[in-house]
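Visitor: What follows is each chain in one-letter form.
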Amino acid sequence: MAKKAFNPDIDAPEYKGKYSPYDIIKEGTIAVVVVALLTVVLAVLFSSPDEKAVTIKSWSNATPMDFAATAMTELDGSSGTATYGPPYNNAATGQQVGPLTLAKWMGINVNVNTANDFVVAPLSTLADQPALTSALTTFASASSSRRANWEANYSKGLSSGSFSNGVLQVAAANAGPLPEMLGALTAMARSGALDQALVTQKGFYTTDYTKPLLFMADGSFLANKAQVQHLSGDQWGMMNETGSYPGQAWLWLYTMWYQVPPFSTSWGANADALVWAFMMLLTLLLALTPWIPGLRSIPRKVKVYRLIWREHYKNM
Amino acid sequence: MTTEIDRQWTTRLRKRVVETLPPDKLLPDTQPAYVASWIYVFGVTTLAALAIVILTGCVLAMKGPLWWHLSGTGHFVNSLHLWSVEIFFFAMVIHLWGKFFMAAWRGGRQLTWITGVVLFLTSVGAGFTGYVSQTNYDSQWISTQAKDGINATGGGAFFNVLNLGQMLMWHIVLLPLAAVALTAVHVIYVRIKGVVPPFEEGK
Amino acid sequence: MGLTELFGAVFNLDHVGRYIHWGFIQLSVSNAIVIGLMIAIFIAALFLPFPGRRSRREGK
Ligand code: HEM
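Residue numbers (our numbering), protein chains in the order written: chain A, 1 to 316; chain B, 1001 to 1203; chain C, 2001 to 2060.
For the record, the hints were derived by calculation from the structure and aren't laboratory data. Because the structure is a prediction, the values reported are computed rather than measured. All residues carry an ideal CB built from backbone N, CA and C; glycine is no exception. Treat the hints with care, as some may be off.
[What the hints assert, rightly or not] Label-pair ranges, simulated between beta-carbon atoms:
#: 1; chain 1: A; residue 1: A269; chain 2: B; residue 2: E1019; range: 51 to 59 Å
#: 2; chain 1: C; residue 1: R2018; chain 2: A; residue 2: T83; range: 34 to 42 Å
#: 3; chain 1: A; residue 1: N109; chain 2: C; residue 2: P2049; range: 53 to 61 Å
#: 4; chain 1: B; residue 1: E1004; chain 2: A; residue 2: N109; range: 52 to 60 Å
#: 5; chain 1: A; residue 1: S144; chain 2: C; residue 2: D2014; range: 43 to 51 Å
#: 6; chain 1: C; residue 1: F2047; chain 2: A; residue 2: A91; range: 53 to 61 Å
#: 7; chain 1: A; residue 1: V41; chain 2: B; residue 2: L1027; range: 26 to 34 Å
#: 8; chain 1: B; residue 1: L1055; chain 2: A; residue 2: L126; range: 45 to 53 Å
#: 9; chain 1: A; residue 1: K18; chain 2: C; residue 2: L2048; range: 27 to 35 Å
#: 10; chain 1: B; residue 1: L1055; chain 2: A; residue 2: P262; range: 24 to 32 Å
#: 11; chain 1: A; residue 1: K26; chain 2: B; residue 2: R1007; range: 39 to 47 Å
#: 12; chain 1: A; residue 1: K26; chain 2: C; residue 2: L2048; range: 44 to 52 Å
Taking the hints into account, I'd like the entire structure generated from these sequences.
Guide: Below, the structure written as structure tokens:
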């Protein structure tokens, strides 16, 4: 079998030179001690961020009208989550890479029905409120066109409504049971009971915060806070951290694509899917560098290695 | 003549292991003279930082996910965890640059390179699941933002970033296991193959 | 809690950070410092002489 020609970018020359003493265990020990000390010093100097979690309680107390308006969009199916598509519901196709509807193919595995899960079901847990109980019965037995009519009327009133004396003040004629329902939900939210009702729908124990997080993300309280802290997607927010701590700086390339055309412009509707696809391609290039002609020759051509091995070349 | 003992699985495995990785390769006492640059310290530094990350993470694990919000000691351990992670990524990235400029995949070392790249991805995943497991405002914001990226790939059907229990399990069980296993392969392969020799000059 | 006082941050970073805007690039000053340090240390590692294993002429 003929020996393949030596390719300097794939093959390594055989080393016949000198060896020096090397204490690998000592080296490892020193590294651990130095890193441990440096960690302690940095932790003492800078501590770490911990900004309290937002709750639906804190949101609805700080901005009750934003909460009520968001709850309304959950009920009438116009919120971000309600119109999301997979994996939450089939209201949309979800993002696609060209003709590939990846999200749709993978299916709806995290079922969320915003009208029921965020509004009706939590309200039904409130006992001993006859007015609310009958409002819920009226809502349940109404036709969908009837509901849509109430929802449109109430939404209109809500946009010019206000919150005072602990209750929603909304002038909306012909809104059926909605004033009672949204009023009760707002009160429930402000008491903290809604936070709990949203996580306990599957039982006592919970480790899943999908529903309250989606609900809050549909409002503007969470996002306004993020904007101030430079955490929004269009502020390269993925790299950033609350306060002035360093963040996930290693996400710079990923977050960068969102800021540049065509991802930020004509591809905007599918930006997430396309940025991901592109990043996977780049990662594949990095992983396969040893096999990619041209790419694998860069180190030999830029000659940074001469600095690294300068002692070796000096002694040749 | 092969005896029954020679044919035993155990014997064969032991021979194979000792052949590919004899003790003086696993724990060498000398090193080629060309290994003389500060660039070489970033691999060990990454390894040491990984050890500290795991150690501080274990201390956090002992008291559960909410401890660090409620106790000064807990917060300090969290700070140790965060800063060791910063050092870990810092060292890993310099290590990556260094290995790239040495073309350290040469001479049949492609597996070392590939496991390195996969380690980088695993680490980004481990960092990310850590950020969304913080149980504070930062984790709320990051998870509600990141869901769109992951959902867009279809991954959201299996990997729900809004599910704290799931993210915490990935962060403290699955990804650390993967990172440690990959690191073992990565480093042992370096020991088997030896450190990549310099390019030949003047040819 | 004694430890809290002992280990409280020397530099308080719990305030909204400063950001660098450079064309389409937005970067927090803290991240910029981290990235800058990384590049600086990489370059230093290339140029600084490595102690101990200086041109050892005698063989093993
Ligand atoms: C958890 C992360 C990592 C750890 C703990 C780690 C650790 C190490 C250690 C201890 C060595 C041997 C000493 C040295 O040459 O520095 C090494 C070698 C190496 N690493 Fe990593 N590494 C990691 C990530 C990476 C990454 C991200 C890459 C590149 C994509 C990479 C590529 C390499 C290569 C190619 C070698 C072989 C060097 C040679 O033969 O000269 N490693 N690594």
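Visitor: Each hint should be assessed against the structure and marked as holding or not.
Guide: Hint check:
| no. | hint | verdict |
| --- | --- | --- |
| 1 | A269(A) - E1019(B): 51 to 59 Å | holds, 57 Å |
| 2 | R2018(C) - T83(A): 34 to 42 Å | holds, 37 Å |
| 3 | N109(A) - P2049(C): 53 to 61 Å | holds, 57 Å |
| 4 | E1004(B) - N109(A): 52 to 60 Å | holds, 53 Å |
| 5 | S144(A) - D2014(C): 43 to 51 Å | holds, 49 Å |
| 6 | F2047(C) - A91(A): 53 to 61 Å | holds, 58 Å |
| 7 | V41(A) - L1027(B): 26 to 34 Å | holds, 31 Å |
| 8 | L1055(B) - L126(A): 45 to 53 Å | holds, 48 Å |
| 9 | K18(A) - L2048(C): 27 to 35 Å | violated, 22 Å |
| 10 | L1055(B) - P262(A): 24 to 32 Å | violated, 45 Å |
| 11 | K26(A) - R1007(B): 39 to 47 Å | holds, 41 Å |
| 12 | K26(A) - L2048(C): 44 to 52 Å | violated, 21 Å |
Hints 9, 10 and 12 from the earlier list are contradicted by this structure; the remaining hints agree with it.
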